[in-house]
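Chemist: Sequence:
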Amino acid sequence: MADQHPEPVAERAGVRLGVDVGEARVGLAASDPDALVATPVMTLRRDVKRRSDLRMLIKIARDREARVIYVGLPLSLSGGETASTQKARDYADALAQKLAAAELPTAVHLVDERLSTVSAAEKMRASGVEARDQRSRIDQAAAMEILTQALEIRRSQGREPGEPVIPDS
1 MADQHPEPVA ERAGVRLGVD VGEARVGLAA SDPDALVATP VMTLRRDVKR RSDLRMLIKI
61 ARDREARVIY VGLPLSLSGG ETASTQKARD YADALAQKLA AAELPTAVHL VDERLSTVSA
121 AEKMRASGVE ARDQRSRIDQ AAAMEILTQA LEIRRSQGRE PGEPVIPDS
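In terms of the UniProt record's numbering, the sequence shown opens at residue 1 and continues consecutively.
Just so you know, these hints were derived from the structure itself, not from any lab.
It is possible that some hints are incorrect.
Said to hold, decoys possible - Under the rule of at most 20 Å between Cα atoms (straight-line distance), these lysine to aspartate or glutamate pairs were calculated in the DMTMM-like manner:
1) Lys87 / Asp32
2) Lys59 / Asp93
3) Lys87 / Glu23
4) Lys87 / Glu163
5) Lys87 / Asp168
Can you build the whole structure from these sequences, using the hints too?
Modeler: What follows is the structure, given as structure tokens:
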């Protein structure tokens with residue numbers, strides 16, 4: 001009988017994280033290792049001074065061996081930039097810098113998140129979540145919307161969506 005070798009297993013896509021950056025909170029969602037399904041992870045308190053939210057994101061990226069983190073980029077409905085857009089860019093830059101300093105090979109991409117929070121709120125309402133209970137989960141739901149959209153683009157176009165954030169050397 002001839003020596004039979006099994007076909008090599010295709011490399012898994014790897015975990016992706018979705019991040020919704022707000023003024024007071026940061027929502028986080030993660031994919032499975034095959035980058036097929038997004039699930040909520042947590043909501044972090046935004047910590048502009050001590051950056052504990054960024055430290056926690058680095059820890060989660062390391063623990064989950066995340067390959068890519070998609071940070072939502074809140075453009076205006078016409079596609080223009082706003083004050084919130086610049087804040088998201090600054091956050092993504094700081095995240096990319098911290099990932100590089102931690103020597104993690106995790107890429108950061110900014111992805112268009114127009115209406116992600118609105119869509120998340122509508123889905124929560126449709127599933128019966130009371131408006132007063134939405135606040136604690138809306139950031140995670142928005143992060144799931146960002147991640148789900150990015151995963152769909154990745155599958156359909158065969159490329160990482162969004163704008164890569166390159167850390168300063």
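Chemist: Next step is simple, just say for each hint if it's right about the structure.
Modeler: Tested hints:
1. Lys87 / Asp32: Answer violated: lysine 87 to aspartate 32 is near 28 Å, above 20 Å.
2. Lys59 / Asp93: Holds, because 17 Å separates the two Cα atoms, which is no more than 20 Å.
3. Lys87 / Glu23: holds (9 Å)
4. Lys87 / Glu163: holds (15 Å)
5. Lys87 / Asp168: holds (18 Å)
Hint 1 from the earlier list is the only one contradicted by this structure; the remaining hints agree with it.
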